[in-house]
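Residues per chain are reported as follows:
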Amino acid sequence: MGLRSLEYVVQEAFTGIRRNGLMAFASVSTIALSLGVLGAFGLLVLAANNFAAAQINRFEIAVFIVGRNEADIQPTLSRIRQMSGVASARLRDREKEWAALKRDRPDFESAGVRIESIPFAVDVRVSDPDRLSVIASKIRLLPGVDAVKEGREAYQRVMVLARAVKALSLVGVVVLLVTTVFIISNAIKLTLYARRLEIRIMQLVGATNQFIRLPLVIEGVVFGAVGAVAAWVLLTIGGSYVSSVAQQIVFLGRISSGVGSGQLAMWLICLGALIGAAGSFVSIRRFLHD
Amino acid sequence: MIQLDRVTVEYPNGVRALHEVSLSIAKGDFAFVVGPTGSGKSTLLKLLYREVVPTAGTVIVEGEDVGMLKPAAVPYLRRKLGIVFQDFKLLPQKNVWENLAFAMRAIGASPREIRRRIGEVLELVGLTHRCDSFPHQMSGGEQQRAAIARALVNHPTLLLADEPTGNLDPDTSWGIIQLLDQINTQGTTILVATHDNQIVDRMRKRVVELDSGCLVRDQQRGGYQSVGCVQDVTYGT
Numbered sequence: 003m004g005l006r007s008l009e010y011v012v013q014e015a016f017t018g019i020r021r022n023g024l025m026a027f028a029s030v031s032t033i034a035l036s037l038g039v040l041g042a043f044g045l046l047v048l049a050a051n052n053f054a055a056a057q058i059n060r061f062e063i064a065v066f067i068v069g070r071n072e073a074d075i076q077p078t079l080s081r082i083r084q085m086s087g088v089a090s091a092r093l094r095d096r097e098k099e100w101a102a103l104k105r106d107r108p109d110f111e112s113a114g115v116r117i118e119s120i121p122f123a124v125d126v127r128v129s130d131p132d133r134l135s136v137i138a139s140k141i142r143l144l145p146g147v148d149a150v151k152e153g154r155e156a157y158q159r160v161m162v163l164a165r166a167v168k169a170l171s172l173v174g175v176v177v178l179l180v181t182t183v184f185i186i187s188n189a190i191k192l193t194l195y196a197r198r199l200e201i202r203i204m205q206l207v208g209a210t211n212q213f214i215r216l217p218l219v220i221e222g223v224v225f226g227a228v229g230a231v232a233a234w235v236l237l238t239i240g241g242s243y244v245s246s247v248a249q250q251i252v253f254l255g256r257i258s259s260g261v262g263s264g265q266l267a268m269w270l271i272c273l274g275a276l277i278g279a280a281g282s283f284v285s286i287r288r289f290l291h292d
Numbered sequence: 174m175i176q177l178d179r180v181t182v183e184y185p186n187g188v189r190a191l192h193e194v195s196l197s198i199a200k201g202d203f204a205f206v207v208g209p210t211g212s213g214k215s216t217l218l219k220l221l222y223r224e225v226v227p228t229a230g231t232v233i234v235e236g237e238d239v240g241m242l243k244p245a246a247v248p249y250l251r252r253k254l255g256i257v258f259q260d261f262k263l264l265p266q267k268n269v270w271e272n273l274a275f276a277m278r279a280i281g282a283s284p285r286e287i288r289r290r291i292g293e294v295l296e297l298v299g300l301t302h303r304c305d306s307f308p309h310q311m312s313g314g315e316q317q318r319a320a321i322a323r324a325l326v327n328h329p330t331l332l333l334a335d336e337p338t339g340n341l342d343p344d345t346s347w348g349i350i351q352l353l354d355q356i357n358t359q360g361t362t363i364l365v366a367t368h369d370n371q372i373v374d375r376m377r378k379r380v381v382e383l384d385s386g387c388l389v390r391d392q393q394r395g396g397y398q399s400v401g402c403v404q405d406v407t408y409g410t
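So the protein lines, in turn, are chains A and B. In terms of the numbering used here, the first sequence has 207 at position 205, counting the first letter as 1, and numbering is strictly consecutive. In terms of the numbering used here, the second sequence has 272 at position 99, counting the first letter as 1, and numbering is strictly consecutive.
Just so you know, not all the hints are guaranteed correct.
[Claimed, not checked] A short, non-exhaustive set of chain A residues, derived as facing chain B with CB atoms under 8 Å:
hint, residue
1, G23
2, F66
3, R70
4, V160
5, L199
6, E200
7, I203
8, M204
9, V207
10, G208
11, T210
12, F213
Please keep in mind that the hints were generated in silico from the structure rather than gathered at the bench. Nothing here was measured: the structure is a model prediction, and the numbers come from that model. Beta carbons: idealized from backbone N, C-alpha and C, even for Gly.
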């Protein structure tokens, strides 16, 4: 295809959009809404996954080590810190622990319990939550370790929930993606149907299929990209509102999908343009069929 | 120019539109294809611009075996043809000039060539003063003239007209046929499918008659009805 033809093809694509304004608007808004729903679901899934991961990472192993003073427990503490899979091991302030214990159980002090008789508490964080139990078992074998609390049940419940969220969201994204492709290609098919006479005349005067197809595919790309920008605007406005509401709910705290605004725009535009091009390409085949 | 040899066309629904039709049309001929509705007139024309392919037999247009053409070669065959329809098939959002330019641009003509050629054909069909008009602003006769101009704009050697006067009153129809005759005198081969008996009788051109898909008459200087006419050539010679 020569430069003149290419110039014509691009010009014809934009003339087509201008002249079929209402159909173009219908297509772009359908694409915007479809991509908006898909994008919102995608962001929600990412946020849910991040939230679940954050909950899992909060799990710690509480280790209680017997010793008269800090120097006594240092060897054990060092061995814990050197264990593979341990991210950190933080020694709690025994004075504070003793104060808290006295507050909760005033009878302890009168029964003769002293600060020296309570074990040192160490909070151990692991780098891989799946290895929580294995590490806890290893710590139990260390000298001076009195007790290890790993909160396994709560951890397992959260893990099951996180896995379910991941599986469901994957299915949801696939179903929504297929639906979006179907809706967008249908919208494009309608715009092509409105222009079937143009396509027919081009065929009758001897335009090649490539020459007929290219402006319409460019139109599809433009529709997809413009729809994606509209979807991005909707998601940005809607997202900041949802985020501000979520922050007011204490247990949710600050949740985020982890996807930046620019990154989201890029993904949506690429997806919209790709679906627009593919939708046009596939739909035109029906009209070009001899 | 056109050579049909024992051509049969059967549609997928089992309807046999043409049956063993043999026909030869020389360069520069003007011929009417007549016959009742469903006799195969439109199918015959569609064969020539490769809208349908023959089930059996061969169709040669401008030296090319149309039935054997690869899909990618079809546009290049159509560039040699001009096609006119009963319903004009003009683009409603484009004016006359743009309708013609659209047909030229679709095959990659240069802007200079477009400007020059459109002026020529609009003058030929008598629509120079209507070049800015949109189809809905014109009469049926003017719209058909615009459609003929579009069919001519790419210098076709063969012009196919499928019921070109079907939507027009007798006077306007006569004007359109006169225009086609004028185009024919400049060397373009013309094939007109019609059931307008007045025009066929008045023009006294070659008449090819189809009935139920069979060629039943091929007569030089013929009338619409075969009764009382001498048949020059008959039954698919």
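A quick look at each hint next to the structure:
1. G23: violated (11 Å)
2. F66: Nearest chain B Cβ about 81 Å off; hint violated.
3. R70: violated (92 Å)
4. V160: violated (60 Å)
5. L199: holds (6 Å)
6. E200: holds (6 Å)
7. I203: Check passed: Cβ of I203 of chain A comes within 6 Å of chain B, closer than 8 Å.
8. M204: holds (5 Å)
9. V207: holds (4 Å)
10. G208: Cβ of G208 of chain A sits 4 Å from chain B, so the hint holds.
11. T210: Because about 5 Å separates T210 of chain A from the closest Cβ in chain B, which is inside the 8 Å limit, the hint holds.
12. F213: holds (7 Å)
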